[in-house]
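Protein chains: 2
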Amino acid sequence: MLIPEPREDASDSARNERRKRAPKSDNLFSVEHRVMAADRARMNGHRGGILWFTGLSGSGKSTLAVELERMLFAKGCQVFLLDGDNVRQGLNADLGFSPQDRSENIRRVGEVAALFAEAGMIVVSAFISPYRADRDRVRAAHPAHFHEVHINAPLEVCEARDTKGLYRKARAGKISEFTGVSAPYEAPQAPELVIPTAEWPLARCVAELAAYVERKLALPLCARQLAPVRRAAEA
Amino acid sequence: MLIPEPREDASDSARNERRKRAPKSDNLFSVEHRVMAADRARMNGHRGGILWFTGLSGSGKSTLAVELERMLFAKGCQVFLLDGDNVRQGLNADLGFSPQDRSENIRRVGEVAALFAEAGMIVVSAFISPYRADRDRVRAAHPAHFHEVHINAPLEVCEARDTKGLYRKARAGKISEFTGVSAPYEAPQAPELVIPTAEWPLARCVAELAAYVERKLALPLCARQLAPVRRAAEA
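So the sequence lines, in the order shown, correspond to chains D and F.
Going by my numbering, the first residue of the first sequence is number 4, and it counts up by one from there.
Going by my numbering, the first residue of the second sequence is number 4, and it counts up by one from there.
Same shape as in the complex, but just chain D (with noise of 0.2 Å):
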């Protein structure tokens, strides 16, 4: 079996980074994991990435999420996305929306988003993830993966739109901490890509956002495994 030479990626230098920083026990040891991030863009075309959106709650964060997932996964993508439905209630379903709980929740996601990107794949994250800190701190953790995306709408056009009624309730005061409503959102201050839902239509939306991972992420056609091995189907 012919295994290609591994050669170091960028990002491969994440995991090196990693290294630097202390975990609570010292009796760990680095085992080399062979897969280079680099193999697995040539075998995906593309590289792993997180695309980190922000906005309010109704914003439209999950639809777009959905609908590039879609589009991606359709191009050949490696794609997946991370959302309150598979992580909220798994991953961090002890946690509630205390800002601390918040924090704990943002954390956890980038770094389960940053293990996705190191496995090569575009990693879309769909959180209201209203505290500056807490998104620039998963920035700093993985520079590399991260790409912030500011699904931007205005406060009044996303309590009209209310498709979840959650707006209504928070007025009533049934949910407290209610980003908007009862706590902060913090908008970004100098995000990668900023996705104005109250002005484009959904399709430029979409298209927008692909043509960044194309940008971002897709390794030009010479840089390709254009054969993909599936020796798997041989054994």
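Treat the hints loosely; a few may be bogus.
To be verified - Covered stretches of chain F (chain D as the covering partner; in silico rule of three or more C-beta atoms under 8 Å from a C-beta of chain D):
#1 80-94
#2 108-116
#3 192-200
Unchecked claim - Not the full set, but computed from the structure, chain F residues with beta-carbon under 10 Å of chain D:
#4 R37
#5 A41
#6 D42
#7 R43
#8 M46
#9 D97
#10 F119
#11 E121
#12 M124
#13 V126
#14 A144
#15 H145
#16 L158
#17 S185
#18 P187
What the hints contain is simulated information worked out from the structure, not anything from laboratory work.
Glycine included, C-beta positions come from ideal geometry on N, C-alpha and C.
For this one, chain D is given, so just place chain F on it according to the hints.
For chain F alone, kept in the frame of chain D given last:
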């Protein structure tokens, strides 16, 4: 753009199962994720799944996991390794080795592994995971994805190998709560697979693991998408 009709896969039911469990907040809405497990499997040529390695320190978990990851990747599989190197230093850097922290460590690893499996990947999880109850909880939460693999070598053999010098430290009292010395190891009672690393050479161990993956997770040729859609290339 042609998007295949989603068809439900056995593992798509995991998502529905998860919805039944109550998270801490009830203000969560499920968005339909339109990329189904069955579609991912057709693209990858295999289903997602968790190969949950368990065994004493020095039993060979990491060595086998690294070799298996490399072999499966070379065969064209989407595969990723979760271990202390990439989990303990990131997601679980806040956890130590007390029984409670070990338990939470395993819970989180199980949830992350299930996300990877849902994303279509074969995830190899290489943690001692000494407590039966912790492993059983992961199995119960994700029965469709969980494959328990006992990396089995007698304590004497592991201690004689002592490649990391940890048994020596543990016997000298320099590490507390060390599995097999000062903390229990509860061997699986009905694992899907046992790999006796003290009896078999490395090559046989890896070959048996790969054969198990082929039997349990690979799709028959006729069910695969033979010409992978890489439309990103033409965009």
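Evaluated hints:
1. 80-94: That given contact holds, which follows from 15 residues of the region 80-94 of chain F lying within Cβ reach (below 8 Å) of chain D.
2. 108-116: Our answer is that it holds, as 3 residues pass the Cβ test (under 8 Å) against chain D, meeting three.
3. 192-200: violated (count 0)
4. R37: Given a least distance of 5 Å, the restraint on R37/F holds.
5. A41: Since chain D brings no Cβ nearer than about 12 Å to A41/F, farther than 10 Å, the hint is violated.
6. D42: holds, 7 Å
7. R43: For R43/F, the interface hint holds, since the closest Cβ of chain D sits about 8 Å away, which is under 10 Å.
8. M46: holds, 7 Å
9. D97: holds, 7 Å
10. F119: OK, holds: F119/F within 10 Å of chain D, min 7 Å.
11. E121: holds, 7 Å
12. M124: Constraint on M124/F satisfied, holds at 6 Å.
13. V126: holds, 8 Å
14. A144: holds, 8 Å
15. H145: holds, 9 Å
16. L158: With a closest approach of 18 Å, the L158/F hint is violated.
17. S185: Violated, about 13 Å.
18. P187: violated, 18 Å
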